[in-house]
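Each protein sequence line maps, in turn, to chains A, B, C and D. Mapping of the first sequence onto this note's numbering: residues 1 to 314, in sequence order. Mapping of the second sequence onto this note's numbering: residues 1 to 314, in sequence order. Mapping of the third sequence onto this note's numbering: residues 1 to 250, in sequence order. Mapping of the fourth sequence onto this note's numbering: residues 1 to 250, in sequence order.
To be clear, the hints were calculated from the coordinates, so they are not data collected in a lab. Being a predicted model, the structure only gives us computed values, none of them experimental. One or more of the hints may lead you astray.
[To be verified] Capping the alpha-carbon separation at 30 Å, the derived lysine-lysine pairs in DSSO-like fashion look like this:
| no. | chain 1 | residue 1 | chain 2 | residue 2 |
| --- | --- | --- | --- | --- |
| 1 | B | K223 | A | K156 |
| 2 | C | K12 | A | K223 |
| 3 | B | K101 | D | K250 |
| 4 | D | K39 | C | K39 |
| 5 | B | K299 | D | K3 |
| 6 | B | K301 | A | K223 |
| 7 | A | K301 | D | K12 |
| 8 | A | K299 | D | K250 |
| 9 | B | K301 | C | K12 |
| 10 | B | K223 | D | K237 |
| 11 | A | K304 | B | K223 |
| 12 | A | K244 | A | K170 |
| 13 | D | K9 | C | K9 |
| 14 | D | K70 | A | K301 |
| 15 | B | K156 | A | K156 |
| 16 | C | K9 | B | K301 |
| 17 | D | K70 | B | K223 |
| 18 | D | K39 | C | K3 |
| 19 | D | K101 | D | K250 |
[Said to hold, decoys possible] Derived CB-CB ranges, DEER-like:
| no. | chain 1 | residue 1 | chain 2 | residue 2 | range |
| --- | --- | --- | --- | --- | --- |
| 20 | A | A149 | D | P84 | 53 to 63 Å |
| 21 | C | E77 | B | L128 | 31 to 41 Å |
| 22 | D | E77 | A | N291 | 33 to 43 Å |
| 23 | D | F78 | A | C12 | 21 to 31 Å |
[Said to hold, decoys possible] Partial list, derived from the structure: chain A residues whose beta carbon lies under 8 Å from chain B:
| no. | residue |
| --- | --- |
| 24 | R11 |
| 25 | Y44 |
| 26 | L205 |
| 27 | I210 |
| 28 | I263 |
| 29 | A268 |
| 30 | A312 |
We put the beta carbon where it would ideally sit given N, CA and C, even for glycine.
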Amino acid sequence: MEVKRNDTAERCDTSVVLCGIMLDNPVIAASGTFGYGYEFSQIYDINVLGTFSFKGTTLYPRFGNEQPRIAECPAGMLNAVGLQNPGVDAVISRELPLMAKYFHKSAMANVCGFSIEEYVAVAEKLDLEEQVGWIELNISCPNVHGGGAAFGLDPKMAAEVTSAVRRAVKKPLIVKLSPAAADIAAVAAAVEAAGADAVSLINTLPGMRIDLRRRRPLLANEKGGLSGPAIFPIALRMVYDVYKTVSIPIIGMGGVSTAEDVIEMMLAGATAVQVGTANLVNPTACLDIINSLPSVMTKYKINKLSDIIGGAHL
Amino acid sequence: MEVKRNDTAERCDTSVVLCGIMLDNPVIAASGTFGYGYEFSQIYDINVLGTFSFKGTTLYPRFGNEQPRIAECPAGMLNAVGLQNPGVDAVISRELPLMAKYFHKSAMANVCGFSIEEYVAVAEKLDLEEQVGWIELNISCPNVHGGGAAFGLDPKMAAEVTSAVRRAVKKPLIVKLSPAAADIAAVAAAVEAAGADAVSLINTLPGMRIDLRRRRPLLANEKGGLSGPAIFPIALRMVYDVYKTVSIPIIGMGGVSTAEDVIEMMLAGATAVQVGTANLVNPTACLDIINSLPSVMTKYKINKLSDIIGGAHL
Amino acid sequence: MNKTFTIIKNEKIARATYEMKLLGDVSDITRPGQFVAIKLDGYFLRRPISVCDIYDCSGDGSGVLTLIYKNIGGGTEFMSTLRPGVELDLLTGLGNGYDTKKSGPYPLLIGGGCGVSPLYLLARRLIAEGKHVAVILGFGTAEEVFYEDKFREIGAFVTVTTADGSHGTRGFVTDALPAAGSYTYTYSCGPEPMLRAVYKAAATSGEYSFEERMACGFGVCMGCSCRTVTGYKRICKDGPVLEKEEILWK
Amino acid sequence: MNKTFTIIKNEKIARATYEMKLLGDVSDITRPGQFVAIKLDGYFLRRPISVCDIYDCSGDGSGVLTLIYKNIGGGTEFMSTLRPGVELDLLTGLGNGYDTKKSGPYPLLIGGGCGVSPLYLLARRLIAEGKHVAVILGFGTAEEVFYEDKFREIGAFVTVTTADGSHGTRGFVTDALPAAGSYTYTYSCGPEPMLRAVYKAAATSGEYSFEERMACGFGVCMGCSCRTVTGYKRICKDGPVLEKEEILWK
Ligand SMILES: Cc1cc2nc3c(=O)[nH]c(=O)nc-3n(C[C@H](O)[C@H](O)[C@H](O)COP(=O)(O)OP(=O)(O)OC[C@H]3O[C@@H](n4cnc5c(N)ncnc54)[C@H](O)[C@@H]3O)c2cc1C
Ligand SMILES: Cc1cc2nc3c(=O)[nH]c(=O)nc-3n(C[C@H](O)[C@H](O)[C@H](O)COP(=O)(O)OP(=O)(O)OC[C@H]3O[C@@H](n4cnc5c(N)ncnc54)[C@H](O)[C@@H]3O)c2cc1C
Ligand SMILES: Cc1cc2nc3c(=O)[nH]c(=O)nc-3n(C[C@H](O)[C@H](O)[C@H](O)COP(=O)(O)O)c2cc1C
Ligand SMILES: Cc1cc2nc3c(=O)[nH]c(=O)nc-3n(C[C@H](O)[C@H](O)[C@H](O)COP(=O)(O)O)c2cc1C
Ligand code: FES
Ligand code: FES
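Chain A on its own, in the form it takes in the complex (with noise of 0.2 Å):
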């Protein structure tokens, strides 16, 4: 056996298996960064990913938040877009078939809701389409029935949305985990008893500046959403501990930026990992990590990058 395994490894193998899909690397750009991916196969063949979450779409257009959205941050950045997208029917009349053109490998469709029935809605409609191959459920979004906490906070609420959005999709159901729950392995443990196939963390971290001109905070909605390296040691910290959790794969991020971050991620316990705001300064990112990974892999002694998932573990 280990012979034969030996023999067959092709040198650098990047390819993980993510619920059932075979991706080419584990590079997958996050929601919310990438767009519908339009932007940027105008840089670079997007084919080249292993896949992408498209912007994460709710039941009825929204705007999001006035401005200013963006404020800088030591390594990072905080943002306050407030999950602007033109709702799920112009994202599977308008999006999805432009989408098609350039990007011809099942992509991850990012939902979110304020209401149970509003993600089971989305998940529905988003789950008959072809070109969506995982449901992406972002939990990080505020209950409005249930007292405006957000449903990742709690893992009863976590897990009564899952099991719901279960029942309604037939693709293999990712739970994308928020960091400012207390305790993540317990939320993450609580969505895969309620059926997720997967797990992605973690979503952006709630920070604030001020502006000190005006005196008054930066963003027009006073807080935002950490993201970039700032949060990398944080990110990676917790997938290592939902990956003591948990069994089913987990797809790490916050603040990969490097081929080496993405090694990292894995060694902490992630079979695949999300690249997000590195495509905002860097956009670029994703195919230059995809691109270093088989020389950093040699670098490391990985062959088959499979093999390290969880390798940090004793």
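Since chain A is already given, all that's left is putting chains B, C and D with the ligands on it; use the hints.
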């Protein structure tokens, strides 16, 4: 009244009052990053500081964690020092008399413990020391009698240790909050109700790095605490939230490195500010901040620093 | 659009105002009013700065890019310390830019502060198309004035206003409108209060250039979206130039 | 101790090994075996690097500091790209350093890899004090060897070992010990496995220099503490040099 205030206001008054003690300026060197001040006093006269909080003290001497204890991160670092200190008796017999030679202001005693009894015992002893102006209770330590979770994660446990120490000490009691709490404002409210005279926040955020060569967690302790500019937006948000919840003074910290950061923290609600990690990479960080405060105040049209506390709240 | 440029000049030309000239591939810059986004060491987000001018050196796209920026914070302050020879990573050809075809024979260009900068290439292009260009350049005080002569040299009819009257007409750009003669179209760039005043006072249709805080600068993050009459627009991609008729003031 | 230095030379001298010479105030560097901590743009923590040599240019403390570093990660790789003229922010005079007074007449200096670097100033000082200095320099392979001639030039008796035998004696530094003759004291610096081997094989007392990951580098954070026979020691402040008798292996 207005006229009188303007008449008597000095140009650039940096003083603030913290629990009845006037500080020349709001800059406090943070516990664990300033030792007992000795090394810094060889670099600059540390009497320019508002004050400083000395290394966390436990009842018995502690060596702390194994090596490595330090990991670098984007715009920050992880530490897993593990509360190395010589124990309260040696602090009192050896460190405080030495400290009195070069620091002539009241210092802050950072108190750690692994049980309520230990917190009380350490705080009681330090409360009797002349050099100690405030007791700062670091409630991020795990409660070995309470299942190993940190006191600071839970409002109830935090309140218990606070009221026990409150009964045992006469000096102003500052409770230092953990950002890992599900709801830091709830913990703040609980310790206020339990008799805290002030709160300080934030302690480090749990984080991790993995050594790609060894494929093992980089730190011997696996996880460490993230500090430095990377956490500033998170710390600022928490100070802002706590200010809305409590009426006792807040000491803000987490990544503060410049005079602008001090002002941003104060606008968010801090009465004073602690500077931690910045001291490690720039030994004169506190001095530089204090020296540049007047010009930055002038730039932002601030005459009296204490006027802006909480100024970003409507 | 991700290009390396080399600084060939970086000098103060007015109070807190710097002119930077860079050598690199300018082929993606197709319209006046577009901008570039500059990566600066130690700053996480790129800084968006308008194209003031481009000069094509060869047939192969390489040329000189002129930027004018005001020192208002850490990033622009750092920029002002950079010396010739330093290489910068730029995203170029960002934004829609102004449409010179709409100008009619007598376009009026109104700029305030750094907002004057993109009007220079616009004026050059309009003049090259045979239009008669009038510009009103508004500043706070005489020490802030820049490019007055450069606009004259290319044949624009120039009026300068300063808020304190220390140079040119006293007052705001709109105070110079009555004397501007008749015009067929308005192009404007400057701080939002100025844009609002021009919007109210201008007699014609026109194009207005806006600023928002940006993360990506190329249309993928929705960080810069604004409401308009025709739906939301991303200032970085569908803007920064909006037509007068579509503007919805906040 | 917070000083600005200017790079005057930065060149590769062996495989992945660079020699950097800097001009600045070296007055805080009082002993061989001390180190400096370098702030590098884009890296949060300072990089600790041993003093290889100092040359005092004037009476006022200004002089040339020589460092030798191996390219093993992001920070040292970035260092290797820096050109002469670049200014660096250094904390200098860190650590206790070696005590030359203890050496006796025949000190033996044993270094491995970059650990050879601090032995150079140590050898110079010992020779200046009239001692007869023997050094064993251990490397992996011939391409990694540096400073062999420089040690000879100052009058040290030099043995080089390489693990693969491509230069000098084949094997580890300890394999050269039997041929080293008799010695009165051992000074050592190198990777921990080498230090352990020397500790076991060395016939005399001595001083050993250690490395730990550091945050402050000047004794305030307890990031680098290690247990010793005489209690804990901060490698950055009470070390990096420990006496043989106080070492407690992990
Ligand atoms: C399309 C466009 C074109 C521009 N053209 C020019 C120009 O030609 N010349 C010029 O001087 N300035 C121009 N600006 C404004 C310029 O981008 C800001 O002055 C600059 O980003 C400030 O950076 P800073 O680090 O000095 O300030 P800081 O306030 O420290 O910056 C902090 C953050 O806020 C952002 N920011 C601050 N002010 C602005 C602003 N007014 N607009 C957008 N983002 C801002 C910064 O980019 C950064 O992300 C333009 C802005 C936009 C959107
Ligand atoms: C007292 C002392 C003296 C030293 N003298 C020399 C010398 O003269 N020449 C030389 O080549 N190297 C020396 N080193 C090791 C040198 O500090 C590291 O090789 C360097 O910090 C690696 O940085 P990096 O960014 O290239 O590697 P990375 O692995 O990317 O660094 C990541 C972090 O780990 C730290 N780190 C990594 N390796 C070490 C190490 N071995 N020791 C301490 N910290 C480490 C870095 O400082 C940084 O904080 C010395 C170390 C110490 C403690
Ligand atoms: C501008 C922006 C918009 C985002 N929008 C979404 C979204 O619609 N849905 C979602 O699940 N996450 C969204 N995110 C979160 C990212 O997908 C990702 O979880 C987070 O930014 C951490 O990864 P990073 O540090 O690589 O960016 C957004 C992030 C940014 C920066
Ligand atoms: C090396 C190190 C040691 C620390 N030790 C203590 C400690 O003993 N007690 C404590 O309350 N906080 C301790 N802290 C936390 C700091 O006081 C501070 O709360 C935290 O680092 C955030 O501030 P900063 O980003 O300015 O460092 C330590 C931090 C560091 C980096
Ligand atoms: S800044 Fe990202 S869409 Fe405009
Ligand atoms: S590195 Fe801080 S005490 Fe040694």
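Ascending list of hint numbers which this structure does not respect: Structure breaks hints 2, 3, 16, 21, 22, 24, 25.
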